[in-house]
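Chains as they are written, first to last, in my numbering: chain A, 452 to 1371; chain B, 46 to 323.
These are calculated hints, taken from the structure and not from any lab test.
Fair warning: there could be bad hints in the mix.
The calculated EDC-like cross-link candidates involving lysine to aspartate or glutamate, where the alpha carbons are at most 16 Å apart (straight line), are [said to hold, decoys possible]:
(1) A:Lys1233 / A:Asp935
(2) A:Lys631 / B:Glu176
(3) A:Lys556 / A:Asp585
(4) A:Lys587 / B:Glu196
(5) B:Lys202 / A:Asp585
(6) A:Lys516 / B:Glu216
(7) B:Lys204 / A:Asp585
(8) A:Lys587 / B:Glu193
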Amino acid sequence: MPDTLALQRPQYFVANDREIAFFRGDTYLTALRRAGIEIPTMCNDPELTPSGSCRLCLIELENGKLVTSCNMTPQPGSSIETHSQNAETKRQTLIELIIASHPLKCTVCDKSGNCDLEDLAYDYVPADRLTVFDGKLPPLPDNEVNEFFMLDYSMCIRCAKCVQVVDEIQHCGVLSMENKGFDVFPSTGFGQTFHEAGCVACGNCVTVCPVDALKPLSVIKAGREPQFDRVKTTCVYCGVGCQFEFVVNKRKNQIVYVDSVMPNRLEERAEVNGLSLCVKGRFGTDFIHHPDRLTSPLIKENGEFREASWDEAFDVIESRFKQVLQEHGPDAFSILSSAKCTNEENYLLQKFARAAIKTNNIDHCARLCHASTVTGLVRTFGSGAMTNSIHDLTHDADVIFIIGSNTTEAHPVIGVKIKQAVVAGTARLIVADPRKIELARMAEIHMQQRPGTDIALINGMLKVIIENNLVDHEFVRERTEGYDDLLRELEKVDVAEMAQIAGVQESEIRDAALLYGQAETAAIVYSMGITQHSTGTMNVVSLANLAMVTGNVGREGTGVNPLRGQNNVQGACDLGALPNVLPGYQQVSDETVRQIFSDHWNTELSGVAGLTVVEMMHAAHAGDIKAMWIMGENPALSDPNVNKVREALATEGMFLVVQDLFLSETAKFADVVLPASSFAEKSGTFTNTERRVQRVRPAIAPLGNSQADWKIIAELLRRFGIAAEYQTPDDILREVASVTPIYAGITPERLEPNGITWPCRSEEDPGTRILHSEQFARPGGKGRIIGVEFQDAAELPDANYPFVLTTGRNLYHFHTGEMTHRSKGLHERRPYELTEINPIDAMRLGIEEGEKIRLTSRRGTLVTRAKIVEKVKPGVIFMTFHHREAQANLLTNDVLDPYAKIPELKVAAIKVERLTLLAD
Amino acid sequence: MKTWAAVSWILQHGSAKFRTIGTEDSPGTAIFSLTGNVKNAGLIEVAMGTTLREVIYGIGGGISKDRAFKAVQTGGPSGGCLPAQFLDTPVDYKTLSELGSIMGSGGMVVIDDTTCIVDFSKFFLQFTQQESCGKCVPCREGTLRMLEILERITTGKGKMSDIDDLLLLAETVGSTSLCGLGTTAPNPVVSTLRYFRDEYIQHISNRYCSAGSCVGMFELVIDHNKCNNCSRCQRGCSFDAISGSRDEGFLILTESCEGCRVCLETCPQNAIEVFPVK
Ligand code: SF4
Ligand code: SF4
Ligand code: SF4
Ligand code: SF4
Ligand code: SF4
Ligand code: FES
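Can you build the whole structure from these sequences, using the hints too?
Below you can see the structure in the form of structure tokens.
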């Protein structure tokens, strides 16, 4: 990486009579490339160990010997030639050899124009030698064709890069080289399909294939490189914030496929993800072109939607909003912003709520995922965000403790990096999760706790840490307060009892505590398994306690790291799409802060905190909300107890505006529907889970008559007399910087190449990778340790509802599936819900694999299909909330955490019945 | 193995004594596995610097059936092939490698004038080609293409450019392969091309295999001056391609001969001679 290179003193060698600097870790190839000298390669990727298999990267040493530059450490003072006659002749022969085993179908090949082999053949092989070595062809096993990509063996040049990705990056174990000599080929073994062999369709092997062998299905006959543009952008699916390229057929205004951004120097690869993507990012963006996309504003008349012009739609909204404002005042408004939208859009929408309407009733779905992270971490650390970076989590942590995060499915690229760290032996892994998730198999200790018992587990660990004198007393003394409070609380705690509550072995808690407590650097990673509880805030506080007591905060490889779900949930929070804070977590109740914004926006602001998502729905249900504007969210499917939400949305006399890509369940209730442009059609920024602000760039023109959300909001701001003369979202970002201290140095110009991590307080500030390294963000600078007492989930199983339902996600879908079910491949891979039930329970109830079952809670009932797996313990049922035909949120409990107002989505008591009659 | 045997000897007798055996650069002895067309085949140990002639004609007892010596391949499949002009060469590391061969695994295969040199190098290349692990391009792809060219030449389908391509491939495989298997694989081809280039050219331009080995590329004729009418050739021929009787003498019927060489090999008088196809 460039900044670490700068710290080293370079050494030198001479290439082609030119002095070349090199550093520790360089090979001749990497040093030459940094100096701008190109050398052909066919088997090399800077993220893979040099395999030395293509032999094209030859250089000639002083003694006339040819060596491969990709795997040789430079000798200081040596002198080499990169393109000597000898090396060039050999290269030519090598390329002639490769093409002898490869059908040169460039004229009809999808890869043409983007093919390393085609380019090299062009450069090196005279036309009359194209077929000199033709003869026997390599073996031709059956081709792989799945929902996402294919492997055409007739094109494979057996470079083994795909296998290296499997072994070194993805650790999926799907491919290895079968046979030897001329008969080798990459294979799943035993004639399995990729899927059967465990492929999760990340496509990372596909992306490195230098020829037309492994390729996404969507490239087939879709045009070729010269017709394409490549636009680098940020993935819209999850909080990892992977960088990728849209490959676009400009003439057709169509996205052809998603490619990794792969410059051939490591230091130029995206810091977040390198070449890695997951199935959703790589193969799941075809929803953008789905025929269901809304292409025109819709106005509901007599219960039916009709198409309308933008002007008409804006007129209706303006007049109805103004009418409500006049008749019922600002707090009759509820505005839902979106974690899918850009920072700029979130900023504008909260500005609309606060400046145009003068209400703080603005919130978004972070409420449903990480509100308790914010309340919990603000209380303890003073700032509610991931404390460390993805990179230092996976490179510097000796121990990683994952609790309530199914990382490989929900944050796949972080999951894979954790796998890499474990496989490489740099990190030891502890997992606490009610299910045997993939990472649990790699963990040294897996505690399979009963849903909703995390505090018991962590209190048990804290007790063991204190008993074994693993407390970092200096850290506790210098950097924190409240330790005594914790000690008092822990006096009541008995480890055996905690283990019993959590349903795990006492020894597991002890082992985990020792492993975590003794580590030089230990990082906690968590997600919604911690936050979505009625004790969510206190769950988070417990984790903060654990980190502070052991001094695991503020250093590389430590910290408390909530993985944020939606692509821009971090940014939506940062930019004030929350009812109690203005952009940059500045309290609305703070008069000085309000004054700054008042001056800037040229209007008065309300100092009363607004309603949260669930409270808004309750208020609407009670008839207190008269106008609601929902941007890009789908509460009719995503929120707990959706029956009640739907009644709220249907409330007579409430004017509802919904702005979305599709006519979602929620949009169906709307009076006016506005067609928004997707992330591929607009520019702006997203902030990923590690607080990194990254670019979103337009790849295609807005589809149909859709408009970018920021343009829609800006128009309404103007109609309410608030200045909004933004030419581009960059203008908005500059305004953000001027009022948001933690974003003050984040300007459009500074976002290349890898974005900036907030807090970034001035244009000179490089950004902050690790929070709380000197002092905590709380007033006074000390971290606060708070003793937490275990408390049961709000609803426990009983005779009538004997099972615990816990909800979550799977790899192939996102959120309510609005996007993923409209992606052909993702939908085909997982078309419907498969609810997990333990074999013992299934046997007791006589349920067979795939059979339809009825689940009922005190709030609702649904029918789903059973998947019988050991992954869940007896008594626990797991389902996702991705599927329309089996909406988990009909069952979930909307009881709230008192501080964060986050609902208890992770624990509900249900009963399970067999549905013999409905089974098909 | 050989090293350990030497080590124990050196421990017993001291290295000064060891150095008195052999040459200055290659002290001590060498063990060979002498095989092929020699009268006495087997494992032999000789002092470094012993000449090839001493080995082959002395210890080996000369060429089987007293045919003409053609070449000796030292060092196994990755070694090289030396023609008669080097029979008086001393066997040691340095000299062998100067001539394009190696001591290598200690293999020493002697061939006579009925062995085709192209076929001989194909035999060795086939072995290494099958042993290739398939990781690197030159060895995986190059050895096969070399083999295909040799195959072409030995079936009368060679072209003159094949010789250049063979050399090009040999050089590329030899200088760019990832491991020793690949870098030494072309040695038999390189050394035979060096010393027997004419025989390659004969195969290509005259479609003639003077060793009487490549099917369809030679004719067999009985030299009646040597023939003693023993009839072994006629009895051995599976194709009824030899007419005549012990009284009137024997004649090979070219149109029936399949080129199986049984007669050539069984004739005790070495009376069967090889000619180009008419
Ligand atoms: S993969 Fe490359 S070299 Fe092969 S046919 Fe396609 S464009 Fe040509
Ligand atoms: S697509 Fe991903 S999971 Fe599947 S084989 Fe390739 S690297 Fe492995
Ligand atoms: S499929 Fe592609 S990456 Fe894999 S070995 Fe073949 S050519 Fe290489
Ligand atoms: S890990 Fe997240 S950000 Fe990366 S490609 Fe997958 S969904 Fe997109
Ligand atoms: S040279 Fe070595 S590494 Fe290369 S294919 Fe041959 S045996 Fe394998
Ligand atoms: S790039 Fe060095 S051997 Fe392929």
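The hints, checked one at a time:
At roughly 15 Å between alpha-carbon atoms, Lys1233 of chain A and Asp935 of chain A fall within 16 Å of each other, so this suggested pair holds. A threshold of 16 Å between alpha carbons decides the hint, and for Lys631 of chain A with Glu176 of chain B the separation of about 8 Å falls inside it, so the pair holds. Distance hint between Lys556 of chain A and Asp585 of chain A is fulfilled; the C-alpha atoms sit about 14 Å from each other, no more than 16 Å. This hinted pair checks out: Lys587 of chain A and Glu196 of chain B have alpha carbons roughly 12 Å apart, not beyond 16 Å.
The suggested pairing of Lys202 of chain B with Asp585 of chain A holds, with an alpha-carbon distance near 15 Å, which does not exceed 16 Å. Taking the CA atoms of Lys516 of chain A and Glu216 of chain B, the gap is about 12 Å. The hint holds against a cut of 16 Å. Straight-line distance between C-alpha atoms of Lys204 of chain B and Asp585 of chain A comes to about 14 Å, which keeps the hinted pair within the 16 Å bound. The suggested pairing of Lys587 of chain A with Glu193 of chain B holds, with an alpha-carbon distance near 8 Å, which does not exceed 16 Å.
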